[in-house]
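Protein chains in written order, with the working numbering: chain A, 9 to 168; chain B, 9 to 168.
To be clear, the hints were calculated from the coordinates, so they are not data collected in a lab.
Hints may be right or wrong, so weigh each one.
In this list, chains with the same sequence are indistinguishable; a pair is considered to hold if it fits within one copy or across any two.
What the hints assert, rightly or not - Derived PhoX-like pairs: lysine-lysine, alpha-carbon spacing no greater than 20 Å straight-line: (1) Lys111 to Lys48; (2) Lys120 to Lys48; (3) Lys125 to Lys47; (4) Lys47 to Lys152.
There are 2 protein chains.
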Amino acid sequence: MQKMNLKKGRVIVFTFCIAIGIMSCSNKKEEQIDNMIFKKGEKITNNNFTGEVWLNNLAQADSINQNAVGSVTFEPGARTKWHSHPAGQIILALDGVGYYQEKGSPKIMVNKGDVIKCPANIAHWHGASVDAKFVQVAITGREKGETVWLEQVSDVEYSK
Amino acid sequence: MQKMNLKKGRVIVFTFCIAIGIMSCSNKKEEQIDNMIFKKGEKITNNNFTGEVWLNNLAQADSINQNAVGSVTFEPGARTKWHSHPAGQIILALDGVGYYQEKGSPKIMVNKGDVIKCPANIAHWHGASVDAKFVQVAITGREKGETVWLEQVSDVEYSK
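Looking at chain A on its own, in the form it has when it is part of the complex (with noise of 0.2 Å):
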């Protein structure tokens, strides 16, 4: 009877550890996603972009400081039309796996921590991998004029 008790009691304490490990498994989960530097902003609703893409302004042109910084964050599969900068953009990876191309060129993968500068007046286009979501910084100047938009980036073309 006491073999019993000494078995049931480690058996209580060691299901007690496995819980606890699996409770901070699921934390760590939870943290990682909640863990966004920049919250999502507003879900766009023109159609310069295919699937689902959040954009929060994180600092308007001015008269003086004509650089317009927003954090966007593309669900899987979610991209931006091809379109250009008059000067330019500068793209930092700081969460998921991204595409981008610019045109005559292959589609490269991005991972948080690289940075993209695209070159001013260059058909190109971003957004996130197939299965991860993919969140940037972009900086646009607008000192040489507004983003140009072109055609949408086909499932063919998003999938090369």
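Fit chain B to the given chain A structure using the hints.
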């Protein structure tokens, strides 16, 4: 004797649980430090800063896109000199706790996710708080000239 074993068994497993808990905590701390998006880069050795400051140049200005973008890590207590930017600056707070002050205004606390737009030609300083490091991305337009460096931020000014 059996009772002693029962207690001993529980004590051993309980101690094991506590050990796992402590290890899990210390792992989380390491993750937090290693979870930086951009590398710290190189230690700044010029005298425009007080304390230990690291710079990772993410994008250099060029003749068309004249933005310089850098990730700056201030160790606790470290800060810039007073300075100003002819085209202003945008600061994105990525991690830790920082301070920001414009001449004639009180010092404000800056937390992860905060965005500051330093107006053009306004003397200001930024840096880490006393106890925590501060990681920021600085976006600085070079189109109207370089940063103008002024006097050091004294310990009295820093502590106010």
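- Which holds for Lys47 with Lys152 at a C-alpha limit of 20 Å: within a copy, between copies, both or neither? Answer is neither; intra-copy 29 Å and inter-copy 32 Å both fail.
- Query: Using 20 Å as the alpha-carbon threshold, which applies to Lys120 and Lys48: within, between, both, or neither?
  - Reply: Close inside one copy (16 Å) and across copies (15 Å); limit 20 Å.
- With 20 Å as the alpha-carbon cut-off, assign the pair Lys125 and Lys47 to within, between, both or neither. Between copies only: 18 Å across, 24 Å inside.
- Message: Regarding Lys111 and Lys48, is the shortest C-alpha distance of 20 Å or less found within a copy, between copies, in both, or in neither?
- Response: neither (28 Å within a copy, 33 Å between copies)
In summary, the numbered hints that this structure violates are 1 and 4.
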